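Let the hints inform the model, and build the full structure from the sequences given.
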Amino acid sequence: MSDTDDSAVTAWSEAEPGDDVARGTGVALWKQIAERIEADIVEGRLAPGMRLPTEMELAERFGVNRHTLRRALAMLTERRLIEATPGRGTFVKEPPIRYPIGPRTRFSEIVAREGRAPSGRLIGSRIEPASAEIAEALHLPMGADVLRVDLLREADGVPITIASHWYDAERCRDLDLLLAATGSVTRALETLGLGDYRRLETRITARPADEEERRRLSLPAGRVVMVVESINGDAQRRPIQYTRARFCSDRVQLIVKN
Numbered sequence: 001m002s003d004t005d006d007s008a009v010t011a012w013s014e015a016e017p018g019d020d021v022a023r024g025t026g027v028a029l030w031k032q033i034a035e036r037i038e039a040d041i042v043e044g045r046l047a048p049g050m051r052l053p054t055e056m057e058l059a060e061r062f063g064v065n066r067h068t069l070r071r072a073l074a075m076l077t078e079r080r081l082i083e084a085t086p087g088r089g090t091f092v093k094e095p096p097i098r099y100p101i102g103p104r105t106r107f108s109e110i111v112a113r114e115g116r117a118p119s120g121r122l123i124g125s126r127i128e129p130a131s132a133e134i135a136e137a138l139h140l141p142m143g144a145d146v147l148r149v150d151l152l153r154e155a156d157g158v159p160i161t162i163a164s165h166w167y168d169a170e171r172c173r174d175l176d177l178l179l180a181a182t183g184s185v186t187r188a189l190e191t192l193g194l195g196d197y198r199r200l201e202t203r204i205t206a207r208p209a210d211e212e213e214r215r216r217l218s219l220p221a222g223r224v225v226m227v228v229e230s231i232n233g234d235a236q237r238r239p240i241q242y243t244r245a246r247f248c249s250d251r252v253q254l255i256v257k258n
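Just so it is clear: in the sequence shown, position 237 is 237 by UniProt numbering, and no numbers are missing.
Mixed in with the good hints, there may be bad ones.
Unchecked claim - Pair by pair, the computed Cβ-Cβ distance ranges are:
{"#": "1", "residue 1": "Gln236", "residue 2": "Ile204", "range": "21 to 29 Å"}
{"#": "2", "residue 1": "Ala144", "residue 2": "Asp40", "range": "24 to 32 Å"}
{"#": "3", "residue 1": "Ala132", "residue 2": "Arg80", "range": "37 to 45 Å"}
Source of the hints: derived by calculation from the structure; they are not laboratory data. Note that the coordinates shown come from a computational prediction; the quantities given were computed from them, not determined experimentally. Ideal Cβ positions, reconstructed from N, Cα and C, are used throughout, including at glycine.
Structure, rendered in structure tokens:
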């Protein structure tokens, strides 16, 4: 968030306490607060991506206790107008990232084109035997050694997707170390001479997020993830990567390019 955005939120939060709510009207205070914040979002006084003041500051601004304030924030969260991210605060939700899926699909490039800052971190990696599904996708014998790499990808610090990637362990030896060093799947594969990989197949489904996905993606209970399973191949269309990515359904708009 820029200094300008900080100044705007400061000015917004410094209204006289209680100015935006009216007692004795028969309309619950928490509902009045939610409606006031929603109006400020819709009318642009609170712009997408702005961080809201803390609960304590908001409660003081509206002249209510924190329990009342939390009911208002819960309503705005349910309406998907704001979103809390642990360790960062509560933000006005930004429009979903337009995420085109085509022959050459790169997370960092897509997010950067949207004017957001891409980042990611390695959650873990290990060698494991290929399941029937992974063996078929990578054209390997079932049980062959595959390298599994799990990543969390973010835009402006907001988690967008958890992705599990599988590679032929022999062909992509030390790719996890290269990925940890470069922070980029593409650069790691380039080091191995496989940087110009292309999408061969994509399958998209949806399901409720499981406990780990809710924790990693900072999702409330009941939220849905879009599961994008894909196979990428080298210049000779030989499969080199099988991926199962779980996207936060309201943070991206998947676009299939023909």
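Here is how each hint holds up against the structure:
Under the hint 21 to 29 Å, the C-beta atoms of Gln236 and Ile204, about 26 Å apart, fit the expected range. Separation of Ala144 from Asp40 is about 57 Å and departs from the stated range, judged on CB atoms against 24 to 32 Å. A beta carbon spacing of about 38 Å between Ala132 and Arg80 agrees with the range 37 to 45 Å that was offered as a hint.
Violated hint for the displayed structure: number 2, the only one.
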